[in-house]
Amino acid sequence: MQWAVSDLAFGGFNKKYLSGLPLTYNIEFFYEFGTDHYWDTVLLPLAQNNKEKRTFSIHGPCVAVNLADSSDEYYLKAYAQTFTYAQKIKAEFVVVHTNEIYHGEVAAVKELVYQRLAEVISLAQSYGVQVVIENVGLRPCGSLLFDFEEYLALFERYPQALALLDTGHAHVNGWNLPETVKRLQKKLLAVHVHDNDGSGDSHQPVGLGTIEWEPYFASIRDYAPNALHTITPYLCLHKYQGTTMKLPLKYIAILVILSLAGIFSYQAYWLGGLYRTMRNDLERNIIEAM
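Take 1 as the starting number for the sequence shown in our numbering and just add one per residue.
The set of hints was computed from the structure by calculation and includes no laboratory data.
The reader is advised that the hints may include incorrect statements.
In silico SDA-like links for lysine to any residue, alpha-carbon gap of 25 Å or less [what the hints assert, rightly or not]:
hint, residue 1, residue 2
1, 16, 88
2, 53, 13
3, 15, 212
4, 15, 63
The following label-pair restraints were derived from C-beta to C-beta distances [what the hints assert, rightly or not]:
hint, residue 1, residue 2, range
5, 140, 218, 27 to 35 Å
6, 71, 207, 35 to 43 Å
7, 51, 106, 46 to 54 Å
All C-beta atoms in this analysis are idealised placements derived from N, C-alpha and C, irrespective of residue type, glycine included.
Sequences are here, hints too, so could you generate the full structure?
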């Protein structure tokens, strides 16, 4: 089993902390969040040392691109830029979303996505880039366009594509993870590994949600032992706001108390010194006067 880390939890200036990862770990990064120059600068110190070289994978555009939106005319240009960079760095694969939020008649939206997926996969082949299709959409949010059987059918429709299983999305949508792995088998190239309680896509670390991991990993060992497992948890501020706010306030209160204690102690020391100085001066003046 191979392991990777997503740059989701390493935004902004925190990218430097990825350099602590062993070079055996692949790094998946969101290309659409930076320019080529930015990624050249970020990836260079992460790429290799004298003995080893790291591999990278790319998460395709999913914020500024939506294959299920008929008004999106930018998608092919965005993917062309992504595939160009993937070719340049010899990325292991590029992750493709079938859809984000969608509107309209479901059958018509699916046909649009089928057409655009074919275009994107054909474009990827022209760059020599491997596409993996991620299971996306959440039933509670109304964004699930391709449910379990329909998702699996994508790989019969597009045999050039491989699968990326997102454990969190699958769990929210009620999919049986061991069965999903068994059905995908060698088509399963990669996995996004994170947990949740089944109610939402909270991207919690493994063990903090309700996914049963033992049968999942048993299925991986049996049917997809070479799948790349990408760790993708991140802090969801709306869910952890109570926790994240309590700690800073606690430490701020302690800091204020210690600061005030320090100020009072210094004032007491200063007043004591002033008193001793004035007393010594008074005694000296009295002696001189006598």
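Results of checking the hints against the structure:
Taking the CA atoms of residue 16 and residue 88, the gap is near 22 Å; set against the 25 Å cutoff, the hint holds. Between residue 53 and residue 13 the CA atoms are separated by roughly 23 Å; this keeps the pair inside 25 Å, and the hint holds. Of the pairs offered as hints, the one joining residue 15 and residue 212 is violated, with about 31 Å between alpha carbons and a cut-off of 25 Å exceeded. Pair hint residue 15 plus residue 63 holds up; C-alpha atoms about 20 Å apart against a cutoff of 25 Å.
The given range of 27 to 35 Å is respected by residue 140 and residue 218, whose C-beta atoms sit roughly 28 Å from each other. In this structure, residue 71 and residue 207 meet the distance hint of 35 to 43 Å, their C-beta atoms being roughly 41 Å apart. Under the hint 46 to 54 Å, the C-beta atoms of residue 51 and residue 106, about 52 Å apart, fit the expected range.
The earlier numbered hint that this structure contradicts is number 3, and it is the only one.
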